[in-house]
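Q: Each chain, written out:
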Amino acid sequence: MSTTVTWREIDLGGSVAGGTSEKYKTGNWRVEKPVIDYEKCVRCLICWLYCPEPAIIRKGNEVKIDYDYCKGCGICAEECPKKAITMVPEEI
Amino acid sequence: MMAEALARQHRIALTGNDAVAYAVKQANVDVISAYPITPQTFVVETLSRYVNDGELNAKYINVESEHSALSAVIGASLAGARTFTATASQGLAYMWEALYAASGLRLPIVMALAARALSAPINIHNDHSDFFGMRDAGWIMFNGEEAQETYDLTIMAFKIAEDPRVLLPVVVSYDGFIVSHAITNFYALNDDVVKEFLGVRTTGPKIDPDNPRSYGVLALQDSYFEFKRQQYEAMENARQVIQEVFKKYGEISGRNYRPLKEYMTSDAETCIVAMGSTVGTARHAVKNLREKGEKVGVVGILQYRPWPVKEAEQLFSRFKRIIVMEKVMSPGARAGPVYEDITATLYPNYNVKMIDFIYGLGGRDIPAQGVIDIYKRGKELADKGKTDKAYFYGVRGE
Chain V
9 MSTTVTWREI DLGGSVAGGT SEKYKTGNWR VEKPVIDYEK CVRCLICWLY CPEPAIIRKG
69 NEVKIDYDYC KGCGICAEEC PKKAITMVPE EI
Chain A
115 MMAEALARQH RIALTGNDAV AYAVKQANVD VISAYPITPQ TFVVETLSRY VNDGELNAKY
175 INVESEHSAL SAVIGASLAG ARTFTATASQ GLAYMWEALY AASGLRLPIV MALAARALSA
235 PINIHNDHSD FFGMRDAGWI MFNGEEAQET YDLTIMAFKI AEDPRVLLPV VVSYDGFIVS
295 HAITNFYALN DDVVKEFLGV RTTGPKIDPD NPRSYGVLAL QDSYFEFKRQ QYEAMENARQ
355 VIQEVFKKYG EISGRNYRPL KEYMTSDAET CIVAMGSTVG TARHAVKNLR EKGEKVGVVG
415 ILQYRPWPVK EAEQLFSRFK RIIVMEKVMS PGARAGPVYE DITATLYPNY NVKMIDFIYG
475 LGGRDIPAQG VIDIYKRGKE LADKGKTDKA YFYGVRGE
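Here the protein sequences line up with chains V and A, keeping their order.
Add 8 to a position in the first sequence, counting from 1, and you land on the number used in our numbering.
Add 114 to a position in the second sequence, counting from 1, and you land on the number used in our numbering.
Everything labelled a hint here was simulated from the structure, so no lab data went into it.
Be aware that one or more of the hints could be misleading.
In silico DSSO-like pairs for lysine-lysine, Cα to Cα no more than 30 Å straight-line [stated by the list, open to error]:
(1) V:K31 / A:K401
(2) A:K320 / V:K31
(3) A:K424 / A:K375
(4) A:K401 / A:K320
(5) A:K320 / A:K375
(6) V:K33 / A:K375
(7) A:K320 / V:K33
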């Protein structure tokens with residue numbers, strides 16, 4: 009949303025063209041960030057299934073955290089059967 | 115009535131509820147969703163019969179609550195459908211958050227409200243507590259005095275709501291039981307006349323898979339205020355649109371509506387203000403008072419939101435005394451909502467003495483003698499300058 013749009017031009021009834029959630033980066037909500045230890049990871053994809061955002065990107069059996077959108081909820085770390093994900097405090 | 119106007123309509127005897135259902139059928143709505151509640155139930159029962167019997171080609175959605183009823187209609191309206199729902203009292207209270215969603219999303223939904231008291235204690239009879247409860251929800255608000263007005267307003271509601279300058283939901287209220295259940299004669303437009311007057315809905319939001327958009331988005335500090343400011347303007351635009359629709363409808367039907375209904379006001383020193391079925395009772399009382407030489411008139415409120423500011427200013431500044439009768443209480447306020455609307459309209463240039471009476475809560479009957487009593491007491495209080503609070507009429511112990 010451009011902050012220059014006035015009430016006269018703004019779209020009707022709070023509707024907007026699609027795709028806005030992609031522009032809305034929620035990564036800075038995070039207090040702790042999940043870090044994957046790929047030595048321990050067995051590529052079971054459970055973290056990818058459980059991520060509510062979804063901020064775990066999957067390519068084949070490989071997973072990667074998308075820090076632009078990860079809110080740091082910690083569900084992936086909680087669910088990982090191999091304890092391969094650690095929540096690390098964000099530095100300010 | 116002019117012969118041409120008569121040829122466009124037919125005389126019919128229905129309850130107020132069935133008059134609404136009849137209007138909705140003629141408006142050829144696409145989607146109806148509602149949950150039964152006294153005294154509105156017959157509206158949606160009759161509509162479901164119309165749908166079942168093939169008289170109305172609409173989708174009738176049964177739901178488990180009023181919150182769902184309005185939500186279903188919101189979804190259908192977003193899809194581009196002409197939609198209708200009806201409710202009363204607790205049902206309207208249960209719709210509360212969806213009321214704001216309907217107006218904020220700028221959906222031309224029409225809703226009937228058979229006005230009824232709110233719990234506690236539980237009561238099924240008429241007052242205007244539910245109606246005034248939705249005052250700030252951003253809906254256009256009309257009140258029909260009897261079946262004729264209610265029928266006409268329901269037809270016009272679709273035209274007003276769907277005007278591209280407006281795109282706001284409209285509620286048409288009428289007094290529970292007194293109007294909703296009383297069978298009266300009225301003129302209904304012929305089906306083809308309504309069809310031509312309303313056409314099909316072509317305006318407003320319309321979900322289109324080929325042009326995907328997000329509706330009901332999150333709008334925070336950077337944009338929420340702009341959306342709300344635009345919504346406010348739609349209500350301002352509605353003033354002009356309502357005037358145009360009233361005029362066009364008058365040309366077709368011979369019934370010319372105005373936001374404020376006047377009776378014997380031209381030389382009146384005192385004005386009684388009322389809403390709903392009480393307006394007719396007040397006219398009868400005023401007729402009697404006039405025979406005894408009292409210079410009194412009646413103003414009935416047909417259009418409550420948008421509040422007809424200019425009309426109210428011109429009209430109410432003429433009187434020496436205004437006695438407002440309100441079938442609602444606003445505990446802790448200076449007076450009732452209509453009293454406050456009138457004083458705010460006249461401020462700061464007024465010398466009129468204004469008295470507010472709360473009456474008829476929970477369906478407590480108001481006969482013509484009651485209006486005469488209110489007039490006499492109100493006039494005396496006004497002349498003594500005792501305008502500092504709202505008064506009660508018809509409650510034991512007062």
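Q: Now look at each hint and say whether the structure bears it out.
A: Status of each hint after checking the structure:
no., hint, in the structure
1, V:K31 / A:K401, "67 Å, violated"
2, A:K320 / V:K31, "24 Å, holds"
3, A:K424 / A:K375, "14 Å, holds"
4, A:K401 / A:K320, "51 Å, violated"
5, A:K320 / A:K375, "37 Å, violated"
6, V:K33 / A:K375, "55 Å, violated"
7, A:K320 / V:K33, "28 Å, holds"
Hint violations for this structure: numbers 1, 4, 5 and 6, all remaining hints satisfied.
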